[in-house]
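Take a look at the letters that make up each chain.
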Amino acid sequence: MRPGRRVSIAAACLLAGVLAGCATPPPPSHPEARAEFYQTNDPLEPTNRVLYKVNNGLDEAVLRPAAVAYKDAVPSPVRTGVHNVLGNLTTPVTLANNMLEGKSRRAGNTFMRFVINTTLGGLGLVDVASKLGYPPNSADFGETMAIWGVPEGPYLFLPLLGPSDPRDALGTGVDMTGDPFGWVGQGTAVTVLRWSRFGLTALDERSRVLGEISGIKRTALDPYATFRSLYRQHRKAQIEKIRADHRHTIPAWFPAPTTTH
Amino acid sequence: MHARRMFLSSAAALLTGLAGLARPTAARANTSTAEATRFINATGQALVGVINGPGSSQAKSAALARIVDSHVDVDGIAKFCLGRFWRLATQAERQQYEELFHRVLLLNVTAKIGEYHGVSFTVGRAVARDEGVMVATTVNRPGQAPAEVDWLVKPVGGDPKIIDVVAEGTSLRVTQRSDYASFMTHHNDSVSALITALRSQVARAG
Numbered sequence: 001m002r003p004g005r006r007v008s009i010a011a012a013c014l015l016a017g018v019l020a021g022c023a024t025p026p027p028p029s030h031p032e033a034r035a036e037f038y039q040t041n042d043p044l045e046p047t048n049r050v051l052y053k054v055n056n057g058l059d060e061a062v063l064r065p066a067a068v069a070y071k072d073a074v075p076s077p078v079r080t081g082v083h084n085v086l087g088n089l090t091t092p093v094t095l096a097n098n099m100l101e102g103k104s105r106r107a108g109n110t111f112m113r114f115v116i117n118t119t120l121g122g123l124g125l126v127d128v129a130s131k132l133g134y135p136p137n138s139a140d141f142g143e144t145m146a147i148w149g150v151p152e153g154p155y156l157f158l159p160l161l162g163p164s165d166p167r168d169a170l171g172t173g174v175d176m177t178g179d180p181f182g183w184v185g186q187g188t189a190v191t192v193l194r195w196s197r198f199g200l201t202a203l204d205e206r207s208r209v210l211g212e213i214s215g216i217k218r219t220a221l222d223p224y225a226t227f228r229s230l231y232r233q234h235r236k237a238q239i240e241k242i243r244a245d246h247r248h249t250i251p252a253w254f255p256a257p258t259t260t261h
Numbered sequence: 001m002h003a004r005r006m007f008l009s010s011a012a013a014l015l016t017g018l019a020g021l022a023r024p025t026a027a028r029a030n031t032s033t034a035e036a037t038r039f040i041n042a043t044g045q046a047l048v049g050v051i052n053g054p055g056s057s058q059a060k061s062a063a064l065a066r067i068v069d070s071h072v073d074v075d076g077i078a079k080f081c082l083g084r085f086w087r088l089a090t091q092a093e094r095q096q097y098e099e100l101f102h103r104v105l106l107l108n109v110t111a112k113i114g115e116y117h118g119v120s121f122t123v124g125r126a127v128a129r130d131e132g133v134m135v136a137t138t139v140n141r142p143g144q145a146p147a148e149v150d151w152l153v154k155p156v157g158g159d160p161k162i163i164d165v166v167a168e169g170t171s172l173r174v175t176q177r178s179d180y181a182s183f184m185t186h187h188n189d190s191v192s193a194l195i196t197a198l199r200s201q202v203a204r205a206g
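Chains as they are written, first to last, in our numbering: chain A, 1 to 261; chain B, 1 to 206.
Just chain A, with the same shape it has in the complex (with noise of 0.2 Å):
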């Protein structure tokens, strides 16, 4: 472990120390379990499970209980009507950090489906740009901080936005005073469309993964640590699939890279 690292669990730990308390890293008499501590890196590990149970109280009693009767009550061309809706305002703030990560055939992805789906596809209504060859994709300002190099840091588990980290809890707070639909407009009727935004996704993004969660919760002997382990392992894939697209669009008046061997 490297020794930075270390201080900054110290760090986190200081912070928490005030809500529940840290967890104790095993003594050096059992340097597997240790390695394991420290591997598992959630030095908050105790203030974390009070807040995944509250979270889970809440789910349990109003989030769930509203993501189900959503399914149940509005037809399925709908949701996906209100899902792409939704997904084509988080366009502007993916644009910007497609262009952040320097993934120049992303942004131009994002671009022309931001164009084509709030033009042809009615405000966002039906996904047209996906069947003209523009795929969605996923790009976050936690997701652009890693790409930059910052690391993730020890495990959080935020109230109410459930599993993150320290780079992904900025990049959440970012990615919403970015976000240009904040920006325009004051009075009722904006409050009422912004909470009315906010409502709709909690419903959207729960409701398409009841199936899921409830599987966890019912084959998981600790389902905290396994949502954790999966949260990690998610992030990390989508920032190496971001890493990994080295697919550039080339504007047509830039001159074409000359290749001498």
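It should be emphasised that the hints constitute simulated quantities derived from the structure, not laboratory data.
Please read all numbers here as calculations on a predicted model, not as lab measurements.
Among the hints, erroneous ones may be present.
Pair ranges (Cβ atoms, derived) [as the list claims (entries may be wrong)]:
id, chain 1, residue 1, chain 2, residue 2, range
1, B, A203, A, V184, 56 to 62 Å
2, B, Q91, A, A69, 24 to 30 Å
3, A, S29, B, S70, 42 to 48 Å
4, B, P142, A, S29, 36 to 42 Å
5, A, P151, B, R125, 44 to 50 Å
6, A, P255, B, D159, 51 to 57 Å
Listed next, the stretches of chain A that the computed footprint assigns to chain B, with coverage defined by at least 3 CB atoms under 8 Å from CB atoms of chain B [to be verified]:
id, segment
7, 28-41
8, 213-222
Glycine included, each C-beta is placed from N, C-alpha and C at the ideal position.
Position chain B against the provided structure of chain A, taking the given hints into account.
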């Protein structure tokens, strides 16, 4: 005595090495990418055939269990999932654990039959890795976004076997190992606590 044992073991190593030269296919550390692709294609066809085919869910479960037993290195995955606790476990605990792991795995696979009705798949690239060959597939389910599922294939006992499944970047065995490790860490590093928990999981599923 010590020197003799050393001589015997080096002679054994030499002999195995020679045997490897004589039978290059059997001693090969890895499956070829083409072989792994063929294997995953055939296994996938068999799975899809059962899931979408006729028959009661009981008959389907039995057929899936047969495919899992012959195509998946269940014991190897079980050992991997126990991680550092494998060495802490007694011989009896290892045996009980392997048996329960097998049953839980089958329960988890068969529980998904209904969800996967109408499934189809396409096989993509196969890439050689340190541990085996990773074969990429895209799994399509009606009304669901296509999912990227990678299969890690390695020869076990001469035949190619699946040693891991990676769905959308998340590895089945790595996730399972984290689950078990965390459970045991919170139960005084006790393998028998894990065995009890797995037993009640099997009992709950009926």
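Evaluated hints:
no.	hint	result
1	B/A203 - A/V184: 56 to 62 Å	holds, 58 Å
2	B/Q91 - A/A69: 24 to 30 Å	violated, 52 Å
3	A/S29 - B/S70: 42 to 48 Å	holds, 44 Å
4	B/P142 - A/S29: 36 to 42 Å	violated, 55 Å
5	A/P151 - B/R125: 44 to 50 Å	violated, 30 Å
6	A/P255 - B/D159: 51 to 57 Å	holds, 54 Å
7	28-41	holds (count 4)
8	213-222	holds (count 5)
In this structure, the earlier hints numbered 2, 4, 5 are contradicted, and the remaining ones agree with it.
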